[in-house]
Each structure stands twice: as C-alpha cells, then as structure tokens.
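Q: Sequence:
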Amino acid sequence: MTVPLFSPGEDPGPSFTGLLRANGQEPPLPDGDVGEVFQLAHGTTVVAIRYGEGALIAGDRRATAGHLISHRSIEKVFQADRHSGVAIAGAAGPAIEMVRLFQLQLEHYEKVEGNALSLEGKANQLSQMIRNNLPAAMQGLAVVPIFAGYDTKRDEGRLFQYDVTGGRYEEQDFATSGSGSLHAGTVVKIQYRDDLDRDTVIDLAIEALFQAADEDSASGLPDLIRGIYPLVATIDADGFAAVGDDDLAERTQALIGRYTDTAGTDGGNALSQGASS
Numbered sequence: 003m004t005v006p007l008f009s010p011g012e013d014p015g016p017s018f019t020g021l022l023r024a025n026g027q028e029p030p031l032p033d034g035d036v037g038e039v040f041q042l043a044h045g046t047t048v049v050a051i052r053y054g055e056g057a058l059i060a061g062d063r064r065a066t067a068g069h070l071i072s073h074r075s076i077e078k079v080f081q082a083d084r085h086s087g088v089a090i091a092g093a094a095g096p097a098i099e100m101v102r103l104f105q106l107q108l109e110h111y112e113k114v115e116g117n118a119l120s121l122e123g124k125a126n127q128l129s130q131m132i133r134n135n136l137p138a139a140m141q142g143l144a145v146v147p148i149f150a151g152y153d154t155k156r157d158e159g160r161l162f163q164y165d166v167t168g169g170r171y172e173e174q175d176f177a178t179s180g181s182g183s184l185h186a187g188t189v190v191k192i193q194y195r196d197d198l199d200r201d202t203v204i205d206l207a208i209e210a211l212f213q214a215a216d217e218d219s220a221s222g223l224p225d226l227i228r229g230i231y232p233l234v235a236t237i238d239a240d241g242f243a244a245v246g247d248d249d250l251a252e253r254t255q256a257l258i259g260r261y262t263d264t265a266g267t268d269g270g271n272a273l274s275q276g277a278s279s
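Number 234 in the numbering used here belongs to position 232 of the sequence shown; there are no gaps in the numbering.
Note that these hints are calculated values from the structure, not bench results.
For clarity, every value in this text was computed on a predicted model and none was experimentally measured.
Glycine included, C-beta positions come from ideal geometry on N, C-alpha and C.
Worth double-checking, as some hints may not be accurate.
[To be verified] Now the in silico label distances, taken between C-beta atoms and shown as ranges:
1. Gly-116 x Leu-136: 27 to 35 Å
2. Leu-136 x Glu-112: 21 to 29 Å
3. Leu-184 x His-69: 16 to 24 Å
4. Glu-172 x Ala-244: 43 to 51 Å
5. Asp-248 x Gly-169: 33 to 41 Å
Sequences and hints are given; from them, build the entire structure.
A: Right, here's the structure in full:
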C-alpha cells in the first residue's frame with residue numbers, strides 16, 4: 003500500500019474525513035427512505051449536565067425498532083478523547099459509525115498537528131460531520147448527539163447540542179436529546195444549581211433518565227434483574243471517567259428506596275417491579 007500524495011490545493015491536511023473523501027472512500031448514501039424498508043435501531047434518551055468541576059454525560063441503555071425493543075444494553079456514551087465525550091441519539095448504526103470516525107479524526111489531527119484540537123474545534127468538527135449526514139438524515143438515518151468536554155483553556159466544563167442540519171448550540175447548564183429528552187430535561191431543570199458537585203450531579207442524571215423512562219416507552223428503566231444500568235461518565239481536569247456499575251447500582255437502589263418511602267409500600271413495589279422489566 004502506497005501513501006497517497008496530493009497537490010497543495012487538494013491536500014486535506016489534518017482532516018481525516020477530508021482524507022477519506024479525497025481517496026473516494028466515503029460510503030454511498032441510500033437512495034430512498036431506509037426506515038420504510040428496515041426496522042432500524044434507534045437510541046433514545048441522553049443527557050449532559052455542567053457542574054463545578056466539569057461536565058457529565060449519561061444515557062439509558064435501550065434501543066428501539068418501531069414498537070420493539072431491539073437492544074437492552076446498547077452503549078450511547080462514548081469517550082471522544084481524553085477531555086471530551088459524545089452521547090448519541092437517533093439512528094444507532096450511523097450514530098456509532100459517526101462517533102468512531104470522530105474519534106479517529108481527533109487522533110489524526112493531533113498526530114498531524116502535534117497538538118490536540120481545542121474543545122471549540124472539536125465541537126465544530128462534529129457539527130460538520132452531522133451536516134454531512136443530512137442527506138441520510140432526510141432518508142430516516144438522523145443522528146442528533148450531545149457533545150460535552152472539559153475546556154483546559156477556560157478550566158470549565160462545556161456542553162454542545164446539535165440539530166440534524168449540523169447546527170451547533172452551546173448550552174450553559176444542561177442539554178438533552180432523544181425521545182425522552184423533554185421529561186429528562188424537566189427533572190434536571192427543576193433540581194439544577196450552579197454549585198452541584200460530582201456525586202450530586204450523578205444522582206441527578208440517574209433520576210432524570212429514570213423519570214424519562216417512566217414516561218417514554220422508548221427509554222429504558224434500570225434493569226435490576228439483568229444488572230443493566232445507565233451509562234454515566236464525568237469529564238474534568240483529570241479527563242474522562244466512566245462511573246462503575248457497582249456505584250450506579252447502589253445509587254439506583256437508593257433512588258428507588260426514596261421513591262418507595264414517598265409513594266408507600268404498594269406504589270414502591272410497583273415502581274421496583276417496573277425498574278426490573
């Protein structure tokens with residue numbers, strides 16, 4: 003295999019996606035509404051929250067295909083690089099492919115330039131990738147992620163939300179996406195404060211996803227029988243860190259215990275059974 007050579011006007015530089023395009027390696031776009039032909043898996047509810055030391059991203063584990071549960075333990079939260087992460091919603095296949103390409107793009111840029119791309123630049127790069135996916139989105143393969151990271155220049159967490167056209171919008175406090183986003187966002191909005199610490203913001207994210215799943219059939223409750231809990235990760239000056247399953251299980255049980263105390267024995271048992279389904 004030979005290294006491709008480009009003239010100065012055609013050199014894609016540090017852009018990995020530009021390199022793929024220059025070599026004719028972009029996948030072909032569908033020529034019809036794919037959703038009418040296939041039962042596509044869709045990721046549902048994801049949430050991101052800023053807190054004192056950085057930012058948090060989280061997502062439930064359910065993927066749906068129409069009215070069916072296609073996956074019970076899909077991963078919707080990914081590390082982009084040391085100080086950033088992506089939570090996906092929308093068509094699961096293209097979303098996961100986009101994240102993998104985004105990870106390669108950030109690594110490629112750092113190797114070519116010798117420095118990591120700024121957080122603003124990462125957000126812009128993801129915006130461009132979503133914009134390039136617009137023809138596929140118009141045919142049923144929409145991808146609407148949330149990007150979160152720790153800005154080492156500002157020493158603070160930052161959140162970015164997108165639409166299917168690649169529009170990029172920075173959020174100050176929290177961001178949500180997916181079918182349960184309205185319910186999750188309402189929970190966060192009611193309880194959000196500027197002085198949240200890491201433990202409190204993790205509990206808030208778990209509660210937001212729990213309440214979203216209680217109202218939205220496409221979002222998954224924690225599965226106590228199978229031991230499946232939401233994916234939660236924090237990003238601060240020390241980098242991206244996923245919250246362990248044992249910690250998530252303990253926090254989920256504590257949340258159910260609080261609901262049980264509030265609702266009474268009968269209501270609590272029903273809630274606990276619902277979380278196991």
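Q: Hints broken by the structure, by number, lowest first?
A: 4
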